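First to last, the protein sequences are chains S and L.
The opening residue of the first sequence carries number 1 in this note's numbering; numbering runs sequentially from there.
The opening residue of the second sequence carries number 1 in this note's numbering; numbering runs sequentially from there.
Incorrect hints may appear among the rest.
No copy labels: a pair is met if it fits in one copy or bridges any two.
Simulated pairs of lysine to any residue, SDA-like, Cα-Cα distance not exceeding 25 Å [said to hold, decoys possible]:
(1) Lys260 to Ala39
(2) Lys260 to Ala186
(3) Lys115 to Gln125
(4) Lys115 to Ala42
(5) Lys260 to Glu277
For the record, the hints were derived by calculation from the structure and aren't laboratory data.
These figures come from a predicted structure and were not determined experimentally.
Protein chains: 2
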Amino acid sequence: MSIAPNPAALLEARQADMLPAVEQELQACVAAAEGHGLAEYAHMLAYHMGWEGEGAGPKAQGKRVRPLLVLLSAAAAGGAWQAALPASAAVELIHNFSLIHDDIQDDSPLRRGRKTLWTMVGVAQAINAGDALFALAHLALQRLAGRVPAEQALAAHHILPQASLTLTQGQYLDLSYEGRSDLTPADYWPMIGGKTAALLAACTELGALLGGASADRRACYRQFGEQLGLAFQVYDDYLGIWGDAALTGKSAESDLLAGKKSLPVLYALEQHGAFAERWAQGPLTAEDLPGMTLQLEVEGAREYIQREADRLTEAALTALSEAGPEAEAGAALEELARRLIARQA
Amino acid sequence: MSIAPNPAALLEARQADMLPAVEQELQACVAAAEGHGLAEYAHMLAYHMGWEGEGAGPKAQGKRVRPLLVLLSAAAAGGAWQAALPASAAVELIHNFSLIHDDIQDDSPLRRGRKTLWTMVGVAQAINAGDALFALAHLALQRLAGRVPAEQALAAHHILPQASLTLTQGQYLDLSYEGRSDLTPADYWPMIGGKTAALLAACTELGALLGGASADRRACYRQFGEQLGLAFQVYDDYLGIWGDAALTGKSAESDLLAGKKSLPVLYALEQHGAFAERWAQGPLTAEDLPGMTLQLEVEGAREYIQREADRLTEAALTALSEAGPEAEAGAALEELARRLIARQA
Numbered sequence: 001m002s003i004a005p006n007p008a009a010l011l012e013a014r015q016a017d018m019l020p021a022v023e024q025e026l027q028a029c030v031a032a033a034e035g036h037g038l039a040e041y042a043h044m045l046a047y048h049m050g051w052e053g054e055g056a057g058p059k060a061q062g063k064r065v066r067p068l069l070v071l072l073s074a075a076a077a078g079g080a081w082q083a084a085l086p087a088s089a090a091v092e093l094i095h096n097f098s099l100i101h102d103d104i105q106d107d108s109p110l111r112r113g114r115k116t117l118w119t120m121v122g123v124a125q126a127i128n129a130g131d132a133l134f135a136l137a138h139l140a141l142q143r144l145a146g147r148v149p150a151e152q153a154l155a156a157h158h159i160l161p162q163a164s165l166t167l168t169q170g171q172y173l174d175l176s177y178e179g180r181s182d183l184t185p186a187d188y189w190p191m192i193g194g195k196t197a198a199l200l201a202a203c204t205e206l207g208a209l210l211g212g213a214s215a216d217r218r219a220c221y222r223q224f225g226e227q228l229g230l231a232f233q234v235y236d237d238y239l240g241i242w243g244d245a246a247l248t249g250k251s252a253e254s255d256l257l258a259g260k261k262s263l264p265v266l267y268a269l270e271q272h273g274a275f276a277e278r279w280a281q282g283p284l285t286a287e288d289l290p291g292m293t294l295q296l297e298v299e300g301a302r303e304y305i306q307r308e309a310d311r312l313t314e315a316a317l318t319a320l321s322e323a324g325p326e327a328e329a330g331a332a333l334e335e336l337a338r339r340l341i342a343r344q345a
Numbered sequence: 001m002s003i004a005p006n007p008a009a010l011l012e013a014r015q016a017d018m019l020p021a022v023e024q025e026l027q028a029c030v031a032a033a034e035g036h037g038l039a040e041y042a043h044m045l046a047y048h049m050g051w052e053g054e055g056a057g058p059k060a061q062g063k064r065v066r067p068l069l070v071l072l073s074a075a076a077a078g079g080a081w082q083a084a085l086p087a088s089a090a091v092e093l094i095h096n097f098s099l100i101h102d103d104i105q106d107d108s109p110l111r112r113g114r115k116t117l118w119t120m121v122g123v124a125q126a127i128n129a130g131d132a133l134f135a136l137a138h139l140a141l142q143r144l145a146g147r148v149p150a151e152q153a154l155a156a157h158h159i160l161p162q163a164s165l166t167l168t169q170g171q172y173l174d175l176s177y178e179g180r181s182d183l184t185p186a187d188y189w190p191m192i193g194g195k196t197a198a199l200l201a202a203c204t205e206l207g208a209l210l211g212g213a214s215a216d217r218r219a220c221y222r223q224f225g226e227q228l229g230l231a232f233q234v235y236d237d238y239l240g241i242w243g244d245a246a247l248t249g250k251s252a253e254s255d256l257l258a259g260k261k262s263l264p265v266l267y268a269l270e271q272h273g274a275f276a277e278r279w280a281q282g283p284l285t286a287e288d289l290p291g292m293t294l295q296l297e298v299e300g301a302r303e304y305i306q307r308e309a310d311r312l313t314e315a316a317l318t319a320l321s322e323a324g325p326e327a328e329a330g331a332a333l334e335e336l337a338r339r340l341i342a343r344q345a
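Turn these sequences into a full structure, and let the hints steer you where they fit.
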């Protein structure tokens with residue numbers, strides 16, 4: 001019997017401390033948007049954040065993975081995680097701004113099991129609500145003043161908009177890929193690099209920065225977040241085709257039915273085999289799914305994506321190890337990373 | 001014959017120096033968005049900024065009033081205006097982000113005589129292009145590093161997102177007023193305070209900050225920008241009804257035909273007279289215009305709006321005077337303010 005806590009217990013203990021503090025910080029940040037005559041405006045933001053309206057609660061709030069990455073990185077770098085709370089709120093607000101705009105751009109009716117904001121208040125007000133969260137994200141960093149040295153705060157003000165810009169570049173690529181039939185895996189990486197990895201890289205870099213890491217170690221934490229983001233997205237694409245519907249909460253083959261150009265599909269299209277031939281003939285139907293899913297595997301897409309996920313996971317964990325994290329916080333951070341990218345297959 | 005240059009000549013000399021530098025700074029900031037596979041994305045931003053595509057050129061770029069306010073305020077506060085260039089680009093990028101989103105929200109086909117971005121690339125890509133300019137605005141402030149002390153740069157990072165947030169509050173009010181028939185002038189001020197005055201206040205405050213003004217003087221510059229913004233919008237509403245079509249480039253009565261709830265209309269609605277009675281019956285037609293324009297005047301709306309414009313102009317110029325600006329830059333700044341709010345009536 002060992003007295004050293006296992007990584008799962010370490011992560012859960014940290015989460016129990018950090019998650020309520022994150023929610024409190026987020027609410028304090030969003031409260032800056034309140035004002036006379038602005039009750040409905042504030043309600044839109046609180047609805048999207050999962051605090052108000054039908055279906056409000058933990059499920060509607062999401063897992064707050066990005067704030068946890070910030071705070072655990074700060075602790076792993078040897079700092080007090082509390083000082084990084086404003087940055088943890090900032091990245092979550094950026095994430096949520098992008099979700100509001102994504103839902104409009106993708107015409108999505110549902111998000112985390114609830115009606116998307118634009119379906120309730122219209123496109124015009126929802127665009128504006130997204131803009132408000134974007135502004136609040138940058139304003140959140142103001143709360144670093146007095147908690148960290150000025151040069152750290154200034155560096156945080158540089159990291160956040162750079163990640164936001166890269167996010168819009170990934171989103172541009174994603175939107176521009178619709179209707180294109182000439183895409184390959186080479187087109188995939190810059191798209192998810194922008195859409196997913198840039199913000200996760202900012203999370204771990206901000207945490208390391210505010211935890212007092214040296215420039216070299218900050219670069220390792222950043223690399224950890226970047227590779228983790230790529231691995232996470234590849235894993236998400238895997239689940240979108242081969243995931244257990246009961247685990248993911250969505251139809252196991254939904255990505256194929258939706259025509260999503262995920263990594264397995266782009267890989268198979270480049271093989272110019274039977275999968276690509278059928279794909280070119282138009283949207284798949286439910287009857288096509290078993291055969292096409294098998295065909296993906298026959299053509300090597302499943303093996304390819306497993307290999308890529310393993311490679312990226314390895315790269316992420318190597319970068320984390322090179323960052324030389326403090327033992328317990330580092331173990332919790334590694335556990336969080338493993339949960340995000342664990343292949344349940 | 002006097003050898004002291006007059007205010008108009010002073011302003012024009014400053015503009016001749018500053019405007020090319022602003023354009024260069026803006027282009028350097030937007031270049032941060034370029035990248036492999038992003039040519040079309042960068043082109044969208046350059047199109048909206050007036051640099052590329054059909055109709056590109058000075059008219060498509062607008063007057064860059066906000067950057068001039070930043071730079072003249074910096075000079076008036078005794079600083080080198082060149083150090084404030086990144087902030088001047090930042091406010092112009094915020095302004096342009098909001099125009100892209102406004103045009104989507106208002107379903108506007110034209111902006112500065114050219115097709116609006118969303119009509120060319122679709123709503124989804126245009127939302128994202130606006131988001132990109134929003135990110136670039138905050139990223140622009142990074143270029144202050146090394147040009148001004150860290151605490152000035154940090155203060156600039158606080159002012160910009162606060163102004164952006166207030167902008168979204170004004171936009172929320174504007175959108176929420178559509179279809180409402182119970183509005184009065186009291187509803188007008190917070191709306192234009194957010195939509196127009198907040199960013200102008202940020203311009204003059206940023207200029208003063210980066211020009212090295214004391215906290216007291218910064219507050220005077222901010223007040224100058226705020227009142228100038230309100231006066232400018234009131235004047236714009238005046239021109240929307242009583243302006244000379246040849247001067248404004250739009251149909252003299254377009255605001256009445258468009259059903260815009262501008263200040264003269266809100267004033268008249270509160271009188272519950274013949275104007276309000278006809279207004280309640282539905283959209284005006286071209287035949288209604290001469291009678292309704294006269295009715296506005298009969299009910300006192302024209303006099304009211306002239307009085308408000310005078311009051312706000314006076315408040316703006318008093319605040320500028322209290323800021324104790326350097327003589328020549330101050331005269332140029334006052335001249336710019338007078339040109340923005342001069343009633344040509």
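To see whether the hints hold, each was checked on the structure:
Only between protomers do lysine 260 and alanine 39 lie at most 25 Å apart by alpha-carbon distance; the minimum there is 24 Å, versus 38 Å within a single protomer. Taking the closest pair of Cα atoms, lysine 260 and alanine 186 come within 25 Å of each other only inside a single copy of the chain (16 Å); across copies the shortest separation is 50 Å, beyond that limit. Proximity of lysine 115 and glutamine 125 under a CA criterion of 25 Å is satisfied in both settings, with 15 Å inside one chain copy and 23 Å between copies. Taking the shortest Cα distances, lysine 115 and alanine 42 sit within 25 Å of each other inside one copy (17 Å), while across copies they are farther apart (33 Å).
Within a single copy, lysine 260 and glutamate 277 get their C-alpha atoms as close as 16 Å, which meets the 25 Å cut-off; across copies the closest is 55 Å, which misses it.
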